[in-house]
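Enquirer: Below, each chain spelled out in residue letters.
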Amino acid sequence: MSLVERLVDDLKPLGGKPAEFKRMVSVTVDSEHIVAAINTVKDAGFEMLSDIFGIDYLQYPQHQGKRFSVAYNLYSISANERIFIRVNVDDGDVLPTITHLWKGASFMEREVYDMFGIAFDGHPDLRKLITPEDLEGHPHRKDFPIGETPTLFNDGRFIDPAAFRAGLTGQDAGLSGHQGGMRRGYSQDIDMPAPNIEANTNRANPNKEGK
Amino acid sequence: MTVKKPDDFGAETTAEQIMVQPGVTVTDLPSASEFETKLMRLNVGPQHPSTHGVLRVVVDLDGETVKRIVPQIGYLHTGFEKTMEHRTYQQGVTYSNRMDYLHGFGHDLAYVLAVEKLLDAQVPVRAQQVRVILNELNRIASHLVFFGTGILDMGALTLFFYTMREREQIIDLFEMVCGVRMNYGYFRVGGLSRDIPDGFVDAAKQFVASFPKMIEQYRGMFAKNDIFVNRTKGVGVLSRETALDYGLTGPSLRASGVNLDFRKTQPYSGYENYDFDVPTSSKGDVNARFMVRLEEMTESLKIVEQALDALEPGPVKDPDRRISLPPRQELETSMEAVIFHFKLATEGFHPPRGEVYVPTESARGELGYYLVSDGGSMPYRVKVRVPSLINLQSLEPACLDGVFADMVANIASLDPVMGDVDK
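Those sequence lines, one after another, are chains A and B.
When we follow my numbering, the leftmost residue of the first sequence carries the number 1, and every step to the right adds one.
When we follow my numbering, the leftmost residue of the second sequence carries the number 1, and every step to the right adds one.
Source of the hints: derived by calculation from the structure; they are not laboratory data.
Every residue, glycine too, gets a C-beta built ideally from N, C-alpha and C.
Misleading hints may appear alongside valid ones.
[To be verified] So the derived label-pair ranges between C-beta atoms look like this:
#1 183/B x 158/A: 27 to 35 Å
#2 339/B x 5/A: 42 to 50 Å
#3 94/A x 42/B: 47 to 55 Å
#4 12/A x 219/B: 52 to 60 Å
#5 70/B x 5/A: 36 to 44 Å
#6 70/B x 9/A: 39 to 47 Å
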């Protein structure tokens with residue numbers, strides 16, 4: 001009986017629901033038992049906390065239950081086995097920290113907080129890890145805008161990609177009304193008057209000139 | 001009076017406690033206000049040559065002694081994980097190698113292994129061998145940069161030119177194989193993008209034959225050099241317990257006496273077929289971290305040599321048409337091939353639903369891609385377990401209560417690559 005199989009039995013009183021896919025074992029536990037579960041795993045001989053990460057199931061087909069999952073990737077060097085402990089949380093839920101079990105959990109929990117907005121109670125230094133201080137939102141949430149959507153900052157500032165590119169090449173930004181002003185990075189440029197659409201149309205269609 | 005300190009510190013120390021020595025009466029000394037001692041907050045980086053890219057470290061110093069150290073990261077954040085969620089599985093290799101730009105093949109390999117596990121792809125033996133050859137050569141190249149820049153940080157310039165000379169030879173080999181010197185993107189899910197060119201094996205064998213001499217040269221230049229040894233011995237000691245507590249992996253963990261190498265414990269891509277050792281050291285200081293990597297280059301060279309000898313002609317792609325593009329000449333005669341080509345090029349394949357993780361050993365430590373598939377042609381979630389980010393936390397225990405100059409040596413010895421840290 002391997003270490004992981006024994007652990008799966010040990011975690012059942014804590015609400016542990018095991019799942020296996022391609023020989024990777026993960027156990028989902030109730031969020032109020034997460035520290036106890038991780039403690040059990042650590043005591044069983046899993047010396048290394050490899051990673052903590054979040055998954056947003058908002059757009060996952062036929063997903064039921066809570067929106068987020070937080071997974072703890074634990075590895076036992078002595079037994080050469082790996083187990084994933086998972087906990088499902090909703091938006092706004094707070095998880096207890098495990099930085100008292102592994103100091104290395106600090107960056108991992110900060111990354112989850114930064115990317116998904118899941119806070120960790122009792123973390124000694126819970127700040128954003130990677131994204132800029134004034135970036136609003138949590139980029140790895142599935143509803144975070146991507147692509148041609150402006151990058152949002154505090155107090156209404158944002159970078160509009162089309163206008164930004166147009167500003168770099170000295171061309172007209174089109175009908176967005178920003179006219180490349182975003183290159184200077186100031187919000188007052190947003191209030192600039194929209195370009196004269198009729199004048200632009202006339203340039204494109206010389207036949208209409210003089211009307 | 002009490003000394004003013006930043007709020008982040010624990011018990012307050014008064015100036016009287018600092019200045020009064022045993023056997024000295026207080027009246028002999030100047031008043032406390034004249035003798036004030038202050039902690040100084042110093043910003044190092046992000047544009048500092050010793051911080052290996054854009055690492056910014058905020059240090060609180062008491063004189064020369066480091067009392068608190070906070071790495072501030074994110075200056076190179078590119079959102080690769082999020083981008084990969086909006087590209088097909090095959091396109092992912094464009095992004096993976098850009099994270100760790102010094103060991104790009106390691107990231108490529110970790111990514112394709114995860115997708116292949118999801119697909120149950122059958123990678124031909126030749127493709128696996130070529131992957132191992134390139135991955136190990138890249139590991140050597142990465143370590144060469146580590147030595148060159150690391151010792152440069154400590155004030156020795158010469159070695160940099162020597163290591164860059166050998167790295168150039170390796171990069172030339174990569175250029176021969178995939179046409180680029182840095183962001184390779186040569187591996188594909190199911191194999192390689194194309195076979196290695198004629199003459200690569202000979203050129204690689206020539207390099208393998210010449211490199212041991214160079215390792216001896218490096219050994220003479222710094223490993224046996226008294227200045228280097230005295231500078232690094234006993235500096236930044238990380239005990240076995242501390243290293244595990246902070247999640248350290250890779251050569252730095254092996255320098256702290258933990259024999260953990262995923263090429264041995266969970267072999268992938270045919271690493272179980274090669275005979276090599278895993279160098280470890282029990283000292284855990286900066287010197288040990290340098291020495292472990294020096295020995296590792298010899299072991300990597302052994303693997304490359306064996307893999308080059310074992311190379312046999314054969315296919316380099318999974319024959320499964322649902323994964324690999326059909327050969328070009330078939331497109332002219334077979335409608336089937338055109339259909340498969342079109343489907344793969346426009347949409348890509350659809351792995352089954354599930355979540356996989358394959359740990360690999362990069363030049364910096366445990367590297368693995370956690371992929372979540374929802375059955376679509378793009379990964380639902382990509383989470384990269386990057387070694388540099390987690391390893392960077394060990395900077396704190398290594399630097400605390402040491403002098404400031406040792407912090408530079410510690411950063412160098414932990415070998416962070418900022419692309420790998422910020423993703």
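Enquirer: Are the hints correct? Go through all of them and say.
Expert: A quick look at each hint next to the structure:
no., hint, result
1, 183/B x 158/A: 27 to 35 Å, "30 Å, holds"
2, 339/B x 5/A: 42 to 50 Å, "45 Å, holds"
3, 94/A x 42/B: 47 to 55 Å, "35 Å, violated"
4, 12/A x 219/B: 52 to 60 Å, "55 Å, holds"
5, 70/B x 5/A: 36 to 44 Å, "41 Å, holds"
6, 70/B x 9/A: 39 to 47 Å, "42 Å, holds"
Of the numbered hints listed earlier, the single one contradicted by the structure is hint 3.
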